[in-house]
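Engineer: Below, each chain spelled out in residue letters.
Number of protein chains: 2
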Amino acid sequence: ALYRGLDSRDELVAKIRSLHGDALKKLALQCEDLFMAGQKDQLRFGVDSWSDFRLTSDRPCCEAGDAVYYQASYAKEPLSSYAVKICKSKAKESQQYYHSLAVRQSLAVHFNIQQDCGHFLAEVPLRLLPWEDPDTPGDEDEDGDGDEEGGGAEAGAGGGPGQQRSHVVVITREVPHLTVADFVRESSARHGRSPDAYERQVCLLLLQLCSGLEHLKPYHVTHCDLRLENLLLIRGRPEAEAGPARLLVSNFSQAKQKSRLAEPEALRDRSRLAPEILTATQYKKCDEFQTGILIYEMLHLANPFDENPGLKEREYTRADLPRIPCRSPYSWGLQQLAGCLLHPNPSERILISDAKGVLQCLLWGPRQDLFPSLGGPAGPRGAALQSWLDIKRTLLMVKFAEKALDRAGGVSLEDWLCAQYLAFATTDSLGGIVDILQQR
Amino acid sequence: ALYRGLDSRDELVAKIRSLHGDALKKLALQCEDLFMAGQKDQLRFGVDSWSDFRLTSDRPCCEAGDAVYYQASYAKEPLSSYAVKICKSKAKESQQYYHSLAVRQSLAVHFNIQQDCGHFLAEVPLRLLPWEDPDTPGDEDEDGDGDEEGGGAEAGAGGGPGQQRSHVVVITREVPHLTVADFVRESSARHGRSPDAYERQVCLLLLQLCSGLEHLKPYHVTHCDLRLENLLLIRGRPEAEAGPARLLVSNFSQAKQKSRLAEPEALRDRSRLAPEILTATQYKKCDEFQTGILIYEMLHLANPFDENPGLKEREYTRADLPRIPCRSPYSWGLQQLAGCLLHPNPSERILISDAKGVLQCLLWGPRQDLFPSLGGPAGPRGAALQSWLDIKRTLLMVKFAEKALDRAGGVSLEDWLCAQYLAFATTDSLGGIVDILQQR
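Respectively, the protein sequence lines represent chains A and B.
Counting from 0, one number per residue, gives the positions in the first sequence under the working numbering.
Counting from 0, one number per residue, gives the positions in the second sequence under the working numbering.
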């Protein structure tokens, strides 16, 4: 059947297209298995495992918004590395942490959402709590919840019991080495020196953020606290090509989840509420808005609403938002994206899935100079986009094929992200994104 | 420029075609580098290295027509493995070996031609010469040529000097584990049990033989002694998929080389000779003929000219050749190929390069059931073959792309051979082979 209709050029093109399409979908899934190797097996460390963890160093590997991370090894699995996350909140505030855990545990595993391999209240030596004042007495009377145990805290290799304090400890498999806040701070000079490379990297990080946030939608979860210091970066596998770091969304302490259980009862009351109030209580497009702010911040610009606190009070339009300087081929598109995400009216604000599409288009999509020839939605755009997609898929297949012989390199995170895009793009999805990018 | 002409379907197809074509040519070359890694660096071990070689075992790893092979390690490079080839001919016959070496050394390196990393006359302990009668006195008075030295023969770990004999020793990098004669002998039951797999493997071995022989042509070299016991098999790399073994053409002691130096003078004489005499003295199509015999022998059939010695005396036709039983999808094509190679008239005998094309076609080419729809050379065959090639190239690119993620497998020898075929095939070359296969 594969070789039937050999005389029709249309059938030939359709066949090559379906072979490439199927192959890329399969490759994208295989990449997922590769990049998430092991992560899909659920691990549940309890407080009884605490003594089997030993910190590789007393120096934190990363200081994030809500916690400090230490690299650690696990005695029963000496070749794997883990991170021990010590939450900054006091034991008496641990309720809030358990809220965020409950939210996170309702989600399926995702490459860009921090995963919890176990958590418990543990006695942590004071020297691992750099933010705490050693002179303030510990809350030794506090009792947290049932999980608590005055465990050995072997991890820190001792110290008198008086120098320990009770904190929520989380074990994670991914060891963060930076927050995006650190990354942005450290990259200021690089942004000036190589704006193309830096702004491309920003796009790759934002794409991963959107990918994680998109994953939350079907679970009706909104993060509500997207800040640079709540986004963690994980160094790539050493054998992979130098490429973008993996981004993890962390700190779900402010997350909102629309409970589906509560819905039937609440529905009657809600049916009498004005829509703008309903929207507000659902926080539905809150993450989109915060992503818009992150675009400014990642480009070393101030949050427009910090800079101009009056903005939110009046009915601002995108023209009122500060201009992003045009420093690279990505600046223009990021400006456009920020405008769409910061739309004051949530119903006109674009969805996180569209934001993802815009970033994919900026990274690998038809280039801006191609747009005019694509015409409007009514024109012959479909055929042109289809041809564009066919060529891009051919090029990506060639790229993957070359990696089969490339002992050094291997498939990079960027290859995977690109494969996801080209595998699932359609002329309709491509056209829709071109329209968003051309919005005025 | 890549995306111009997006609206023309013909241009789209042409673009995908040229991307695939270029990529496959590049992949085929990269495979060559991979499979011949190290082989292109010339090594020249002299007799002074002899004492640095140590046999891994006193049991030969392979007994071939002209020599016995022992696996050996080289003290200065303990991780590489080498084979020590001890030629069966006596030292006084070593002149013949040096003839074959001279022929081989005039050739560029090829994957299917045995390569010599050094050779010398050495004293070899008698127990490494299983074919020799220990009671026959050694030719201790013989002196071979200037290369000779009464070297330590450390390789054999000693023995009295009276138990040594002078033999030509060759160091090769490829360690043979079987001759094709052994392989055929051991596969008799398997041929009956899984005729498809066995006859496919025969095609892959014959393809490699043709590939090696084709390489000899520009050097005007004819092997002239193609027998199963002069073809060696090398086990594949352990990390590669189970696939066909690598075949090496060995024993060039009967090889003829048309000397280009002698040509200008000889040309005048030759210009007065009848063409059939010229053809006969050049041995030009001798390897083709012997390859035809090997087809029978590899399929567990007798050499037709052994079985019927009268055949060559009369003007036989292909109809007089014994029928090859039809046991697999390859039998029919191998019969056809044998007929073309055993043509009594050398000018009508097909070239080794065509034989290679036939084997490629049997292995990966358009299937026999597709031939009728291809029509004759005058019909719309070109377009149909081009489409067929486009689809096959797409499938091969997909296959290579999948290998990029396949940690276990990697690219196999068969993948490489297939890539060579599809990278360099044209509608004309495909059409020519289809014609040969349809010849009656």
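Since the hints were made in silico from the structure, they are not lab data.
Hints are supplied without guarantee of correctness; some may be wrong.
Treat identical chains as interchangeable: a pair holds within one or across any two.
Stated by the list, open to error - Using 25 Å as the maximum straight-line C-alpha spacing, the simulated BS3-like pairs for lysine-lysine come out as follows:
no. : residue 1 : residue 2
1   : K39       : K25
2   : K25       : K391
3   : K284      : K216
Engineer: Enumerate the violated hints, using their earlier numbering and listing them in ascending order.
Structural biologist: none
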